[in-house]
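With chain D's structure known, arrange chain V on it following the hints.
2 protein chains.
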Amino acid sequence: MKIALDVMGGDNAPKSNIDGAIEAIKELNVEIILLGDSAQIQEIMPKDEAVSSKMTVVHCDETITFDEKPVKAVRTKKKSSIVVGLNMLKNNEVDAFVSAGSTGAILAGGLFVVGRIKGIDRPALTGVFPNENGGSLIMDVGANADCKPKNLDEFAMMGSIYAQNILGRKNPKVALVNIGSEEGKGNELYKTAFELMKANADYNFVGNIEAREIPTSNVDVIVCDGFTGNIIIKLTEGIASRFFDMLKKVMFENIKTKFAALMLKKSLYNMKKELDADEQGGVPLLGIDGIIIKAHGSSKAKAIKNAIKQAVKFHDSNSLTTIKDYAKKHVNNDII
Amino acid sequence: MKIALDVMGGDNAPKSNIDGAIEAIKELNVEIILLGDSAQIQEIMPKDEAVSSKMTVVHCDETITFDEKPVKAVRTKKKSSIVVGLNMLKNNEVDAFVSAGSTGAILAGGLFVVGRIKGIDRPALTGVFPNENGGSLIMDVGANADCKPKNLDEFAMMGSIYAQNILGRKNPKVALVNIGSEEGKGNELYKTAFELMKANADYNFVGNIEAREIPTSNVDVIVCDGFTGNIIIKLTEGIASRFFDMLKKVMFENIKTKFAALMLKKSLYNMKKELDADEQGGVPLLGIDGIIIKAHGSSKAKAIKNAIKQAVKFHDSNSLTTIKDYAKKHVNNDII
Chain D
1 MKIALDVMGG DNAPKSNIDG AIEAIKELNV EIILLGDSAQ IQEIMPKDEA VSSKMTVVHC
61 DETITFDEKP VKAVRTKKKS SIVVGLNMLK NNEVDAFVSA GSTGAILAGG LFVVGRIKGI
121 DRPALTGVFP NENGGSLIMD VGANADCKPK NLDEFAMMGS IYAQNILGRK NPKVALVNIG
181 SEEGKGNELY KTAFELMKAN ADYNFVGNIE AREIPTSNVD VIVCDGFTGN IIIKLTEGIA
241 SRFFDMLKKV MFENIKTKFA ALMLKKSLYN MKKELDADEQ GGVPLLGIDG IIIKAHGSSK
301 AKAIKNAIKQ AVKFHDSNSL TTIKDYAKKH VNNDII
Chain V
1 MKIALDVMGG DNAPKSNIDG AIEAIKELNV EIILLGDSAQ IQEIMPKDEA VSSKMTVVHC
61 DETITFDEKP VKAVRTKKKS SIVVGLNMLK NNEVDAFVSA GSTGAILAGG LFVVGRIKGI
121 DRPALTGVFP NENGGSLIMD VGANADCKPK NLDEFAMMGS IYAQNILGRK NPKVALVNIG
181 SEEGKGNELY KTAFELMKAN ADYNFVGNIE AREIPTSNVD VIVCDGFTGN IIIKLTEGIA
241 SRFFDMLKKV MFENIKTKFA ALMLKKSLYN MKKELDADEQ GGVPLLGIDG IIIKAHGSSK
301 AKAIKNAIKQ AVKFHDSNSL TTIKDYAKKH VNNDII
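Chains D and V are the protein sequences, given in the same order. The first sequence lines up with residues 1 to 336 when you count with UniProt numbering. The second sequence lines up with residues 1 to 336 when you count with UniProt numbering.
Chain D with its partners taken away, still in its complex shape (with noise of 0.2 Å):
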């Protein structure tokens, strides 16, 4: 399987992004196409033959940064590493992207570049709620700002989909984002969504789910509109970062805590991993018609890696052809 990485994008880039590449190669059966400033990348390449050979870089002279406007980095820098590695899926020279850069370029890109899957109206971006129970999906969290009901119902059916098949859940349930937990609850959106999701027999609906339930659910994937999903996603955030600063504050207050701090920094830290959207990996762009995983801005080699891994499973368990099977199906349903 050939996987084109963009070396240039997130935080730790490239020095990261190869090393994931590195341990990616050496744990799975992937090639990989490294796109990025070759004379760069090549200060870093492995010595180790074994390794080297399963690599190619394609040089790009441009970079797609995160404060640049996405629609219009997409459409004039052809030459950037999400640009050239977008028309490499499209063309099927490679059968994955993998990127941690601009999130909203990734989506821009997909969108023109690669394409929508025929049926699906609007793709969705996905994210990663962490809890105990292994995280919950959440989509979409940006992609789209105005969302009709019928969106909806498609990211329930492609997270269905994706948990299912790359998160190993069993017959994943699927819930709606509300402020109520009884049917008939929500604006017009939610309370029409809700009756197409519960009218859908492809997939697992196990009604509304209230914002206070998201941290401890048990719940597979959880949908809400672009808008919606990115309030939750940046909050949790803020609410998270400002906690462990409270905590911090608390515990260098004085010698006595102090003392005490040392003794939990351990299990502080653990705790603090397990609310750390890095540990997931990557997260899908659904409805696409390519394989595309967008890993988290702050990515180390590891999370590349599980984002490299992410791309594998998502190609080797066919979900893209599901996904463009129940998109048919739908399209027939809709004529009919």
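Bear in mind the hints are in silico, worked out from the structure with no lab data behind them. For every residue, glycine included, the Cβ atom is placed at its ideal position computed from N, Cα and C. Take the hints with a grain of salt, since some may be wrong.
To be verified - Stretch by stretch, here's where chain V covers chain D in the computed footprint (C-beta under 8 Å, at least three residues): (1) 26-33; (2) 116-129; (3) 136-150; (4) 201-213.
Unchecked claim - Partner residues are not named here, just some residues of chain V that face chain D (Cβ under 8 Å, in silico): (5) Leu-111; (6) Phe-227; (7) Phe-259.
To be verified - Computed cross-link-like contacts, BS3-like style, restricted to lysine-lysine with a CA-CA straight-line distance of at most 27 Å: (8) D/Lys-148 with V/Lys-148; (9) D/Lys-249 with V/Lys-265; (10) V/Lys-47 with V/Lys-69; (11) V/Lys-185 with D/Lys-256; (12) D/Lys-234 with D/Lys-69; (13) V/Lys-234 with D/Lys-266; (14) D/Lys-249 with V/Lys-69; (15) D/Lys-54 with D/Lys-69; (16) D/Lys-150 with V/Lys-234; (17) D/Lys-272 with V/Lys-69; (18) D/Lys-148 with V/Lys-185; (19) V/Lys-148 with D/Lys-150; (20) D/Lys-249 with V/Lys-272; (21) V/Lys-258 with V/Lys-272; (22) V/Lys-185 with D/Lys-78; (23) V/Lys-148 with D/Lys-273; (24) D/Lys-324 with D/Lys-266; (25) D/Lys-191 with V/Lys-273; (26) D/Lys-248 with V/Lys-249.
Leaving out everything else, chain V in the frame of chain D:
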């Protein structure tokens, strides 16, 4: 000033509610009408003549519980403490109504019994997001699942008046929740609301606020639709609760951590208190033609007293008239 207090509402009713009323009478220049089961109230009534002379009991046969459908409950339970209290407010027999009871019922009753301020399209339920800067008002947190841009502009104005007059904030900063900080971000509702808010010179609009920034912001009023606001408030509760559960687990891991926990106990308690909504007193229902303060369901005596105090400040500051004047001006503008 006369205040109607729902003695039956909240988890600690009627004892804490009556204790809160006693504290309020000792501290403030108020007369309090206690609404509820007179037999239960008489058992708890204070012996102190100076206090009891400022209390009047109005017996109410019925109580609306948290699990009842709000609209139906308000329509059928005419003798409940909530409906009786709101009728007294409507008929100017009292200057304000305070309750720790069902939010939905208070809102429904506010609308059906007391009614909207002329010119205000939709009243808002206000929440408080706890932070280091004394908390930010957040509105709407659930009164309106579907909003129009105009509603958000009205929430902003009413929140600004409340923050200035009752919370004592100077030239209150008003922000719009959004999925990006730049202008032009968001869904259609938020894009148009931004335009209206930017053009409104009657309050100090400081632009978009991303959810990540909410826990540490120094913004006084955070504006959003009721669906989004409800998600924000409930998710925050859920995460805070999960975090303290995790922390507890860490603390009880072994002898060493238990010892550390003992040394941190007081500081952690203060930290929890800072995040606790109960400490904030009550929140107003803005846009209703009367002063209604909703105290948290878990209110103890101090919180009830603080809610009464807020009602007094609301009354003394003449803020209802300020909101009415603003609404009148707006209606005229709309006609022109």
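Now the hints, each set against the structure:
Check result for the stretch 26-33 of chain D against chain V: violated, 0 residues qualifying (beta carbon to beta carbon below 8 Å, three or more required). Proximity of the stretch 116-129 of chain D to chain V, defined as three or more residues with a beta carbon under 8 Å from a beta carbon of that chain, is not established by the 0 residues found. With 3 residues carrying a beta carbon less than 8 Å from a beta carbon of chain V, the stretch 136-150 of chain D meets the three-residue requirement, and the given coverage holds. Using a Cβ-Cβ cut-off of 8 Å, 4 residues of the stretch 201-213 of chain D lie near chain V, which meets the minimum of three, so the contact claim holds.
Of the supplied interface hints, the one on V/Leu-111 is violated, with its beta-carbon coming no nearer than about 18 Å to a beta-carbon of chain D, more than 8 Å. The interface hint given for V/Phe-227 is met, as the beta carbon of that residue sits about 5 Å from the closest beta carbon of chain D, less than 8 Å. The beta carbon of V/Phe-259 comes within 7 Å of a beta carbon in chain D, closer than 8 Å, and the hint placing it at the interface holds. With a C-alpha separation of about 17 Å, the suggested pair D/Lys-148 and V/Lys-148 falls inside the 27 Å cut-off, and the hint holds.
At roughly 14 Å between alpha-carbon atoms, D/Lys-249 and V/Lys-265 fall within 27 Å of each other, so this suggested pair holds. The suggested pairing of V/Lys-47 with V/Lys-69 is violated, with an alpha-carbon distance near 38 Å, which exceeds 27 Å. Among the hinted pairs, V/Lys-185 with D/Lys-256 is inconsistent with the structure: their alpha-carbon atoms are about 47 Å apart, more than 27 Å. Of the pairs offered as hints, the one joining D/Lys-234 and D/Lys-69 holds, with about 20 Å between alpha carbons and a cut-off of 27 Å not exceeded.
In summary, the hint linking V/Lys-234 to D/Lys-266 is not supported, as the alpha carbons are separated by about 30 Å, beyond the 27 Å threshold. Pair hint D/Lys-249 plus V/Lys-69 does not hold up; C-alpha atoms about 44 Å apart against a cutoff of 27 Å. This hinted pair does not check out: D/Lys-54 and D/Lys-69 have alpha carbons roughly 34 Å apart, beyond 27 Å. In summary, the hint linking D/Lys-150 to V/Lys-234 is supported, as the alpha carbons are separated by about 26 Å, within the 27 Å threshold.
About 40 Å separates the Cα atoms of D/Lys-272 and V/Lys-69, which puts this hinted pair outside 27 Å; it is violated. With a C-alpha separation of about 18 Å, the suggested pair D/Lys-148 and V/Lys-185 falls inside the 27 Å cut-off, and the hint holds. The straight-line distance between the Cα atoms of V/Lys-148 and D/Lys-150 is roughly 22 Å, inside the 27 Å bound, and the hint therefore holds. Our distance criterion of 27 Å between C-alpha atoms is met by D/Lys-249 and V/Lys-272, whose separation comes to about 13 Å.
Simply put, V/Lys-258 and V/Lys-272 have alpha-carbon atoms about 18 Å apart, close enough for the 27 Å limit, and the pair holds. Note on V/Lys-185 and D/Lys-78: the hinted pairing holds, with a Cα-Cα distance of about 25 Å set against a maximum of 27 Å. Of the supplied pair hints, the one linking V/Lys-148 and D/Lys-273 is violated, its CA atoms being roughly 41 Å apart against a limit of 27 Å. A C-alpha spacing of about 46 Å is found between D/Lys-324 and D/Lys-266, which places the hinted pair above 27 Å, so the restraint is violated.
This hinted pair does not check out: D/Lys-191 and V/Lys-273 have alpha carbons roughly 37 Å apart, beyond 27 Å. A hinted pair counts as satisfied when its Cα atoms are at most 27 Å apart, and D/Lys-248 with V/Lys-249 qualifies at roughly 18 Å.
Hint compliance for this structure: hints 1, 2, 5, 10, 11, 13, 14, 15, 17, 23, 24, 25 are not met, and every other hint is.
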